[in-house]
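The lines below spell out each chain.
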Amino acid sequence: MANGYRAGKLFFDMNRNPQLFARYQADREAVMGEYRLPEDEKQAIRDGNTIALYEMGINPYLMVSSARFLGQSSDMASLVTDFTKSLEGAGPSPVIDSVANPGPPKNGKWLIRDEDLPARWRGAVKK
Amino acid sequence: MGEIVLGIGSSHAPGVTGQVEEAGEQGARFHAGLHKIREEFEKVKPDVIIEIANEHFVNFYLDNMPSICVGMGEQHFGPVEPESWLKIPHRMIPGHPELARELVKQAINSGFDLSFSEELALDHGSIIPLHFVTPNYDVPVIPIILNNVMEPMPNPRRIFQLGQLIRQVVASRPKGEKVAVIGTGGISHWVGTPEMGLINVEFDERFLDNIEKGKLESIADWTPDEIGKGGNGAHEIRNWIGVMGSMPANSKGEVATYEPVVPWVTGCGAVYWKV
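Here the protein sequences line up with chains A and B, keeping their order. Sequential numbering of the first sequence, starting at 1, is according to my numbering. Sequential numbering of the second sequence, starting at 1001, is according to my numbering.
Since the hints were made in silico from the structure, they are not lab data. Fair warning: there could be bad hints in the mix.
As the list claims (entries may be wrong) - Here are the simulated DMTMM-like cross-link-like pairs (lysine to aspartate or glutamate), alpha carbons at most 25 Å apart as the crow flies: (1) B:Lys-1215 with A:Asp-114; (2) B:Lys-1213 with A:Glu-55; (3) A:Lys-109 with B:Glu-1205.
This structure is a prediction, so every number in the text was calculated from the model and none was measured.
Sequences and hints are given; from them, build the entire structure.
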């Protein structure tokens, strides 16, 4: 079962190496082959399936900086809106444990308090 | 005897420079707070900056992920992000290899095995506060990169100890350098998750309230789950905890600004400790 490691490595390398990104744009299958991506990582990339890659375990920070490799805009405003929208309905990420997951805002409420977090996170806090 | 002359903690949301108009008056108030911190910086004229930050998969991937990495380079390239995106031109930032090496050496000799790199590139996490505090980049910077992006992350208490170590090393310097310690990132934010855009204002209030009261040891004991109430981005407060450890015990910080800026997806705060 893919865990996103190979795809993540490809994204990491392309962020640092414009020539690699150019080769990827010219022949994505060849470059994914060089990076030995397992088939389900390749398919998720072909489909631009951010949810699949997120649920496999590619770190969320790396997902954001790899939007353009998945056919999405990397404009700052687009990352906040379109990219986040593409993750709607995503299940938990396996690489995140110590992070509260209240889900997208309810009724346009972006500013939340502890009471808006799921039960696990509403425990006693050191003052 | 060297001395630490100033401590700073500041958010580093890319929108701070990349989406100024979208943030309107809130953004202007946050900028004003950073300008206030710059005034404090210029009053004390530090000789060197030790900047505790994290990066976001720029130098390090999962094949090699240091908990704490000290940048020993003569200079550092930054920001890595395109100028069209972050609105900050690329440049080389001067380092301080000699003090950096001394820090690592004393650390290792006191049971604190730090990693090091002679060639770190800096991303928005490091550059944004520098852009405001030292816009001419004429003060050498020793970047210390923490892993705040991939669990398991370093223990917050351990990072507080890193700050205490920095204090000891600076005090031991025969040259008597004046050092500013800057920590960047946070406060509450979610990055790359379906929650991106939420800000836990209660988490931010709690964090800043403890800082104002000088309850720095208390923050150093926050568990990862307590930190996680503020999103995956809140784990960056370890960088501020490093600064807290380098301050005199129980130092009260002054909050220069706090704005929950929804377009910047971050509860943005900036504080300073006068020493």
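Results of checking the hints against the structure:
1. Under the criterion of a C-alpha separation no larger than 25 Å, the hint pairing Lys-1215 of chain B with Asp-114 of chain A is consistent with the structure, at around 21 Å.
2. For the suggested pair Lys-1213 of chain B and Glu-55 of chain A, the alpha carbons sit about 41 Å apart, so the restraint of at most 25 Å is broken.
3. Between Lys-109 of chain A and Glu-1205 of chain B, the direct Cα distance comes to roughly 18 Å. Compliance with the 25 Å bound is thereby established for this hinted pair.
Checked against the numbered hints listed earlier, the structure breaks hint 2 alone; every other hint is satisfied.
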